[in-house]
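Asks: Given chain A, work out where chain B should sit, using these hints.
If you read the sequences in order, they're chains A and B. First residue of the first sequence: 1, per our numbering; consecutive thereafter. First residue of the second sequence: 1, per our numbering; consecutive thereafter.
Treat each hint with caution, since some may be false.
Taking beta-carbon pairs under 7 Å as the criterion, some of the chain A residues facing chain B (in silico) [said to hold, decoys possible]: (1) Ser158; (2) Ala238; (3) Pro248; (4) Ala352.
Now the in silico label distances, taken between C-beta atoms and shown as ranges [stated by the list, open to error]: (5) B/Gly62 <-> A/Gln230: 38 to 44 Å; (6) A/Thr67 <-> B/Gly118: 55 to 61 Å; (7) A/Glu334 <-> B/Asp173: 34 to 40 Å.
Chain A is nowhere near these chain B residues, computed Cβ spacing over 12 Å in every case [to be verified]: (8) His109; (9) Gly138; (10) Arg182; (11) Arg301.
Since the hints were derived computationally from the structure, they do not count as laboratory data. By construction, the Cβ of each residue, glycine as well, lies at the ideal position given by its N, Cα and C atoms.
2 protein chains.
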Amino acid sequence: MRMDELLKFAPRPTGAGDMFQLLRDRQPRTRSDLATLTGQARSTIAARVDLLLSSGFVAPAGEASSTGGRPPATFAFNPAARVVLAVDLGATHSRLALTDLVGTVLAEHHEPIAIAEGPGPVLDRVVELGLDLLSTAGRPVSDLVSVGVGLPGPVEHSTGRPINPPIMPGWDDADVPGLLARKLRVPVLVDNDVNVMALGEHTSEWPEVDHLLFVKVATGIGAGIISDGQIRRGAQGAAGDLGHIAVPGGLDLPCRCGNTGCLEAVASGPAIANALANAATSADVVALVRAGDLDASREVRAAGRHIGEVLAACVSMLNPSVIVIGGVVAEAGEHLLAGIREVVYRRSLPLATQHLRIVASRTKGRAGVLGASAMASDHVLSAAAIDALIS
Amino acid sequence: MRMDELLKFAPRPTGAGDMFQLLRDRQPRTRSDLATLTGQARSTIAARVDLLLSSGFVAPAGEASSTGGRPPATFAFNPAARVVLAVDLGATHSRLALTDLVGTVLAEHHEPIAIAEGPGPVLDRVVELGLDLLSTAGRPVSDLVSVGVGLPGPVEHSTGRPINPPIMPGWDDADVPGLLARKLRVPVLVDNDVNVMALGEHTSEWPEVDHLLFVKVATGIGAGIISDGQIRRGAQGAAGDLGHIAVPGGLDLPCRCGNTGCLEAVASGPAIANALANAATSADVVALVRAGDLDASREVRAAGRHIGEVLAACVSMLNPSVIVIGGVVAEAGEHLLAGIREVVYRRSLPLATQHLRIVASRTKGRAGVLGASAMASDHVLSAAAIDALIS
Chain A
1 MRMDELLKFA PRPTGAGDMF QLLRDRQPRT RSDLATLTGQ ARSTIAARVD
51 LLLSSGFVAP AGEASSTGGR PPATFAFNPA ARVVLAVDLG ATHSRLALTD
101 LVGTVLAEHH EPIAIAEGPG PVLDRVVELG LDLLSTAGRP VSDLVSVGVG
151 LPGPVEHSTG RPINPPIMPG WDDADVPGLL ARKLRVPVLV DNDVNVMALG
201 EHTSEWPEVD HLLFVKVATG IGAGIISDGQ IRRGAQGAAG DLGHIAVPGG
251 LDLPCRCGNT GCLEAVASGP AIANALANAA TSADVVALVR AGDLDASREV
301 RAAGRHIGEV LAACVSMLNP SVIVIGGVVA EAGEHLLAGI REVVYRRSLP
351 LATQHLRIVA SRTKGRAGVL GASAMASDHV LSAAAIDALI S
Chain B
1 MRMDELLKFA PRPTGAGDMF QLLRDRQPRT RSDLATLTGQ ARSTIAARVD
51 LLLSSGFVAP AGEASSTGGR PPATFAFNPA ARVVLAVDLG ATHSRLALTD
101 LVGTVLAEHH EPIAIAEGPG PVLDRVVELG LDLLSTAGRP VSDLVSVGVG
151 LPGPVEHSTG RPINPPIMPG WDDADVPGLL ARKLRVPVLV DNDVNVMALG
201 EHTSEWPEVD HLLFVKVATG IGAGIISDGQ IRRGAQGAAG DLGHIAVPGG
251 LDLPCRCGNT GCLEAVASGP AIANALANAA TSADVVALVR AGDLDASREV
301 RAAGRHIGEV LAACVSMLNP SVIVIGGVVA EAGEHLLAGI REVVYRRSLP
351 LATQHLRIVA SRTKGRAGVL GASAMASDHV LSAAAIDALI S
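Okay, chain A solo, but in the shape it has when bound (with noise of 0.2 Å):
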């Protein structure tokens, strides 16, 4: 048997980062649960919970309730033991936010940027404004773990490399993790945004949805898949491209993609400015429907039916619970909605229809850094990193 066949099957030693995955769900445990739980010799636990009070991951939670005698002491996961930097990059516009081990937010910071000025610039950025955040946290550097960040375009997800990204010039291929790890020191999770904001929609709002469709209706429109409660990203990390679908019943426009009929092409935030004389942009679309134009609010609507259109394929074709639909042009309100709600509940089956909700998102502009948040956590979070960063 060769070396690396043994390696792949060895269980790794149970320690202190399997104990820790027992306290993720933040309930308090004494010594003895814990024991129970594991199976392992009191001595053995004790020396375990003294490493992970001494890093600080699991803190005392008080004392149990106790039959007669002292009352024994609890621990419990501690999520303010360190700090994830969270990143959220579009075009023009960028969203930081400081957050402890479950996504609560310690300081935030957004401005505009452009994208096109490549990575240098951009990540050097990214840089400054995290250590800015870390001190208005009052936290030192010592105490970030892990960054997270989202991408405005497709994302190799083993690498964190973008993939000839339309509109990120100058980023293909770039080494997003190696230039933001050189200057941290810490771990350096990528994806694409809409993943990230799927992510984000998910652990916060919904996380005891296990099949959730993320719509951001922006510049572009995309999908993020959750299913069985993880994302899917699919064969080359293209999952959820829903700019680019052919929309049934749609009109026949050029799309910047080459072919025509695109639903981009037709219910983008640019494709519905296009077809207002007063509107250049999705954020005049939006400010138009506030405001109460009717042509505003009527486009949108049909925005919405064409987003339907394409939704009720993916409603056959995924059977989720949960629909979230977000990104500027969603935050027209409910004229988006009805449009999509109107189609897809008459397109699809009932089976598939019966139970699911259509919603807007309900992070106010925060999915990004909420899921970048519980990106970067997790994965300093799982038992292995937690023995590397304790030991």
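Replies: Just chain B now, kept in the frame of chain A:
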């Protein structure tokens, strides 16, 4: 801490079933290999190997090469130890196979049925044929460890009961697992036929592919989705329902579901037959194409294009690396695939199609029984099931 909470986390005792998981890859190993892999004491290993050997699930596999002294004995998973019954039920046909634990067919039978006779008569016949196959293969009933069944309608995965199956009158909410288990006294796994076929094609022909779509083109049109290596069923088990997706650019023909423009209304076997003067069934269509009938070939290719329109959306959504086309209409050969490929490669983005293969089913009508066998075997080879079987 409550007992149910303790049980939720309690590690299962690491027994023979766990050790057996290491052997499922069918590589021969020595007791010493197993001690290295598990970190367990030689005496523990020896006892568990003895248990697995006496159960037959593991068998001697010759001697390992030795660097001196007596060469150590090796052991490997023995797929012939038990058998499973694989059942593929359609609207008008059934196919049953008795297989070993890795899908090798030991005995097989197919015959016409009328699913509309209801679960009583149909499942009685399944039991009768299953016992015949055991007898043909010379295996005692006690060798049978589980049954896998594919049904031509939606199935609630957790209970194995059909849910409002449109072409299975009398089967709604029928306790299929209970009815079979009462007579055969083994666990019964049930899923819809397309998921079972996807599993069969994946297990037997594409085990190394993580993202695969199996499309059945017959009286209905449906898909089984393999994503990250597993069947994805969605929230109600309704995922993969391609037949009632509206075809972009399709005709507005009425569909039996009550909507118009559904894929089934333009590209199913009956829809193709309907467009031909001299065909009444899917089988007629296949026969005409095979006989070189140009009208039939042209209609099959046109149906392929319609299917391609919907699959292009699926490719954008799921980014599979293989699409397998099966079902009776696929037996018409290359015309169907040519139509599908033509549209998918034109309509989908390069990132999603550059490594995409669209191929015909390779299992020659056996995808259903191979999938039912895999589903049944997988269930009984888990650590817990093995522990229960040999205790």
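Asks: Take the hints in turn and mark each one as holding or not.
Replies: Going through the hints against the structure:
no. : hint                              : verdict
1   : Ser158                            : violated (13 Å)
2   : Ala238                            : holds (4 Å)
3   : Pro248                            : holds (4 Å)
4   : Ala352                            : holds (5 Å)
5   : B/Gly62 <-> A/Gln230: 38 to 44 Å  : holds (41 Å)
6   : A/Thr67 <-> B/Gly118: 55 to 61 Å  : holds (58 Å)
7   : A/Glu334 <-> B/Asp173: 34 to 40 Å : holds (38 Å)
8   : His109                            : holds (32 Å)
9   : Gly138                            : holds (36 Å)
10  : Arg182                            : holds (28 Å)
11  : Arg301                            : holds (19 Å)
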